[in-house]
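> Single-letter residue listing:
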Amino acid sequence: MTTETLQQKPSPLNTTAYRIFKILQWLHCGPLSVEDLNQRFLADPLIKKTLSADSMWLYMNTLRMLGCKISRPTPTNGFRHELIQHPFGLYLTQSDVNTLVSAKIFAEKSFTYQEMLTLDRLFKRLLEQSIIPNKEEQLERLFSHSRSLDYEAQRQIIQRLEAVVDSQNLLRIVYESPVKGCETFFLLPEGLIYRRGAIYLHGHREEQEELSLLRVDRIIAFEQVTDRPDVLQGLQASQGQLPLVIIRFYGLNAQDFVPFGLGESVAPVLAPKELAESASDVSLRTRDFFSLRQILLERGLPFDVLRPVAFKQVMLETLVGMNELYDDPHE
Amino acid sequence: MTPMSDIDVLSQEGTGADKSNYSTSAYRVLYILLLLVQNRSLGLLELNLLLFDNPFIRRTYNSETITKYINTLRRVGCDIPPASRKNQFNYTLNQNPLPLDLDESLLVVARKLYSCLLAQPDDELLCQCHQLLEKVDWALSDGQKHQFQFSSLQLPATLQNSELMYQDLNRFRKLCRDALIVVLECRAEEAASSQRVTVEPHRIVQEGVHNYLIGMNCDTHQLVKINLQLIARVSQLPTKVQARGRTVNVLFQLSGRLAKSYRPYPNEELLVSSEQPVLMVRAKTDDCEALVSRLAKYGAYCEVLSPSYVRDLMRERIQLLLSRLMGDGEPDPERFVSRAAALAESELVME
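Residue numbers (the working numbering), protein chains in the order written: chain S, 56 to 386; chain Y, 105 to 455.
The set of hints was computed from the structure by calculation and includes no laboratory data. Check the hints yourself; a few may be wrong.
[Unchecked claim] Chain Y is nowhere near these chain S residues, computed Cβ spacing over 10 Å in every case: (1) L145; (2) S157; (3) A218; (4) D221; (5) V234; (6) V364.
[Unchecked claim] Calculated lysine-lysine pairs in the DSSO-like style (CA-CA distance at most 30 Å, straight line): (7) Y/K216 - S/K164; (8) Y/K249 - S/K190; (9) Y/K344 - S/K77; (10) Y/K190 - Y/K123; (11) S/K104 - S/K124; (12) Y/K249 - S/K179; (13) Y/K364 - S/K164; (14) Y/K364 - S/K235; (15) Y/K364 - S/K124; (16) Y/K172 - S/K104; (17) Y/K388 - S/K190; (18) Y/K401 - S/K367; (19) S/K179 - S/K164.
Glycine included, every Cβ here is placed at the ideal spot set by N, Cα and C.
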């Protein structure tokens, strides 16, 4: 147990440690040359002198021994020392990195793509400024374990897409499809969304009933088109007509319904006598049949599509196709 | 809290350090600072243990020397109050001497994340994020602390004893992972008596504000659900759980666009297949129902191959959905085959 509380006068100082910490503090604010550092030493009331090149080297090496990464002065950096990383920042454990992964997966459910990009920036910065071994690996783990893509390199393209979405102009897009390869088509953009770790541009595409979702990192090029009013008007007309979709869930009370997140409303079926069990009707207006199909298959609750008939047929075809896979069970 | 010293962090790899020529006393002082950044608060004994663990120091120091080192840190601006009875004679670093620099938008998104976490039921994630954000707050400068206002981001009243609750949860989760039979001494909810029960621990679930251990009673072979708060004592037996393994390897196959663009989950392994463009995936899971739900959303692009009971789970799900959608009638696959093939060509599969 220490008797420090009994001491009144200041204890002697370890001057070397004091000087080295000062170097660390100054470099933390920005790159400095040996002359800049010496000017600061001269002005410091506890030092009041300049240091030799040997002392400076010794001090820098001590900081490196502690895990600091300091660039050496070269003509390219103006002969300045730059503190690239240091171990005195945030202390993160492996468990904290796992928390970042879980938080990122969680945030995806309620954050916009812009908020997700900011969250990525925050988490990357925390990792960069933290005391954790193998930062590169941890950063990779953050994205791979949350199954998400790092959009740092696509910042510019996202900003350009945001601008064209606002302008509501027709786009000619060159897109790298994983199956069809490179294709070019017209799209009337509606917005950007974040889903399952990726940012998508959604909009209406020529000759397609469903909402199109294009992964931003697969967009090779795009340009605004002003000389095709025929295409624009056709797409604008279909954009304004969102079909009404009604799904009936069996064995589900309306109050137990977990929202799809597609702007739907839910109501109990008013003629329960015709049904042997409780049922609820969920209605919404959407062209995002892709998401709807995934939601219905993932939830696994018995359902019927009351409207539109075409979507019911698509669901039937999907389920029949799935059923065929299990016709001849593997033993 | 166990004091930490992450020697890997002190690796000089990539820093270009010359290990034969450095100021040893200054190194010790700054290493103490590093230990305080990691642990925030350390007693003399803990500090000496950690100094001894460092291969470049390998010795302990008396309180006078340590006080001199701590005073040096104070003189450079580190906020370390005097060790006294009030702080259990510990050296406590109140603020990070080299604060993090985060712009306002990053602090705003951190606050929003926490607000969203407050509205969801996973207490564990909430507590973990609270601990993490508390670390971030500690590392911020005064000005940014003011912007962040972490003190207003409190845990809900039900989680005020979060440390205890969280550690308790972790302890029981570990018991489940260990897969050893446990003897539990449980208090009856409305009686002073207690009873002993031998259980194969399976998993922890949350319902309302309570956490429960789900397991199998080894005497009755019935599933039991025990409120963790009612468990007074736990002892592990050196006997492995007899039930089927906690983790199941599920093999499934992806086709079409999904096979070309699938991003595996952390517990999945992609297997090389000679049958292009089919992609085989082996998933390790302890929750087959959840996996089947996820795989179902891939539609006819995904087929579960093994084990047979997971394949059966998928088949039953499809048949249940199909029979209801067809109005309880028999499916007529012929009617849909051609359309299904056309659809497979045109569908957008998002993965």
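> Now look at each hint and say whether the structure bears it out.
Hints, one by one, checked against the model:
no., hint, verdict
1, L145, "violated (5 Å)"
2, S157, "violated (5 Å)"
3, A218, "holds (19 Å)"
4, D221, "holds (20 Å)"
5, V234, "violated (5 Å)"
6, V364, "holds (12 Å)"
7, Y/K216 - S/K164, "holds (13 Å)"
8, Y/K249 - S/K190, "holds (25 Å)"
9, Y/K344 - S/K77, "violated (57 Å)"
10, Y/K190 - Y/K123, "violated (40 Å)"
11, S/K104 - S/K124, "holds (26 Å)"
12, Y/K249 - S/K179, "holds (20 Å)"
13, Y/K364 - S/K164, "holds (25 Å)"
14, Y/K364 - S/K235, "holds (11 Å)"
15, Y/K364 - S/K124, "violated (41 Å)"
16, Y/K172 - S/K104, "holds (23 Å)"
17, Y/K388 - S/K190, "holds (27 Å)"
18, Y/K401 - S/K367, "holds (16 Å)"
19, S/K179 - S/K164, "holds (20 Å)"
Consistency with the previously given hints fails for numbers 1, 2, 5, 9, 10 and 15, ordered from lowest to highest.
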